[in-house]
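Residue numbers (numbering that gives the first Met the number 0), protein chains in the order written: chain A, 0 to 283; chain B, 0 to 283.
Derived from the structure by calculation, the hints contain no laboratory data. Just to be clear, a hint being listed does not mean it is correct.
All copies of an identical chain are treated as equivalent in the list; a pair is satisfied when it fits inside any one copy or across any two copies.
To be verified - Calculated cross-link-like contacts (lysine-lysine; reagent style DSBU-like; alpha-carbon spacing at most 30 Å):
no.	residue 1	residue 2
1	Lys-49	Lys-147
2	Lys-37	Lys-120
3	Lys-147	Lys-184
4	Lys-268	Lys-198
5	Lys-200	Lys-37
6	Lys-189	Lys-120
7	Lys-104	Lys-198
8	Lys-193	Lys-120
9	Lys-184	Lys-57
10	Lys-121	Lys-104
2 protein chains.
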Amino acid sequence: MLVAPEFSISPSTSLLAGPDVRLERIDPASTPGFDGGKQAGEAKLTAGRKALSELQEKLFAESRFGSEISVLLILQAMDTAGKGGIVRHVVGAVDPQGVQHHAFKSPTEVEKQHHFLWRVKKELPGPGMIGVFDRSHYEDVLIHRVRKLAAPQLLDERYGEIREFEAELVHSGTRLIKVMLHLSKDEQKKRLAKRLERKDKHWKYNPGDLEERALWDEYQNAYQMAIERTSTPDAPWFVVPADRKWYARIAVQQLLTDVLAGMQLSWPKATFDVAEEKAKLAAT
Amino acid sequence: MLVAPEFSISPSTSLLAGPDVRLERIDPASTPGFDGGKQAGEAKLTAGRKALSELQEKLFAESRFGSEISVLLILQAMDTAGKGGIVRHVVGAVDPQGVQHHAFKSPTEVEKQHHFLWRVKKELPGPGMIGVFDRSHYEDVLIHRVRKLAAPQLLDERYGEIREFEAELVHSGTRLIKVMLHLSKDEQKKRLAKRLERKDKHWKYNPGDLEERALWDEYQNAYQMAIERTSTPDAPWFVVPADRKWYARIAVQQLLTDVLAGMQLSWPKATFDVAEEKAKLAAT
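Next comes chain A alone, as it looks inside the complex (with noise of 0.2 Å):
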């Protein structure tokens, strides 16, 4: 069997967006940090379940004895990219007990009399849970610059807002993990001929998805304006590329995989008195 390789620099380091990322000069067909090809990078990603799975259950366990912390995944791309292949492939590897996916889609009319955080805070991952976003409040800085869904003002206060929002997050015990899908209009093409292709993909195509393609450079924009202005060192942005598959779902496990080693977690100590909990048992 095929030893999995291990990444020369973690994607923590190597896919780390700041404020002064540039989209347009990250190739969306590399694979930074990692020297091997499909074959190995299938075999990194099955690798790494093991890891992953465990050092959730210590998270989760933590918090039946009083911890508060937790992980939340953004997942943010343009339609193809594979944000579902994330969740199934890498977030699939851990106990569904101790995830809380939801994808977000258009705003309810219920949703859109409130402020755009609203349906957000309703969805953060419980102490101890990996909450996972298909889809954010950043939606809100997106779509809504892209198709002018909101006044330019308004949506320039919505990243000092989302900066505000998500900084109250991590002080309140959630580490935040911020990942753009970063695909190819190339590939996107070649993906949605794909589903085009397939009977058992049709139900994944919208003909609205072509109105979004042709939009493909404002969406760069948005994305760059995004990054640029709520990339934090305690909320970064990571852009992953995204035309290969099996790189971006290694990237994001291996982020993850991180994120929750950096938590220290261990088993937590028995509150009870064990040798006597034993005594009793044996008595039954």
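Using the hints provided, position chain B relative to the given structure of chain A.
Using the frame of chain A, we list chain B on its own:
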């Protein structure tokens, strides 16, 4: 590689527990309908993941085109019977996007002020989802009966309320699978002892578990009565022998797979003109 054997009789038939079930006649260490041992069972669990995952994706896909059907798996059992393992190893095969898991704990003060079905209704699976209840409204006729947390007449009325509630649920498109993991008292002792032995399992142990264990027979009676009075053709109970974890897992996997297979799911037909979309995409 070992070829995974199939059930000779599906658990959907062999484990079906009608109103005439007698729990004490079911051996918790038995493996009805399955001729292999642990190794074969584990191969079967692995082999069955793909079928389950594909069926779930179809269920989810149909909901995107207006279908409102869903599935709800209810897990009830004594401590250590393996509910968590079912979630991790059976439900874990399915895309996290398609799962709504909820663990019901002791009711909060707010929940206590409502009807016992109030908190349950809030957690029902949406269209296309597989809901998983780790404990459920059955606690209100199990621990409530054993611990006398409600007046006898009120308890008796709850069976009827549950039947009615579940009938409505089924009528509105949710397929119900109610599972009692049937553990022996001896096997529970071994599992509790193991939790006390291993430091990485201490967090799963609660001194209160022994108090519940002391009421073993009362719980068996309460389960017996709950199954007698709420197993209906549309909302049947399945008593799953649980002394062998591998067996309980393949049994529940098969129950889920059978229900989904029986739904005659198919990939939604495109509601757009495929050729036209292909042409439009090519022009981008």
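Taking the numbered hints from earlier one at a time, note which ones the structure violates and give those numbers from smallest to largest. 1, 2, 6 and 8
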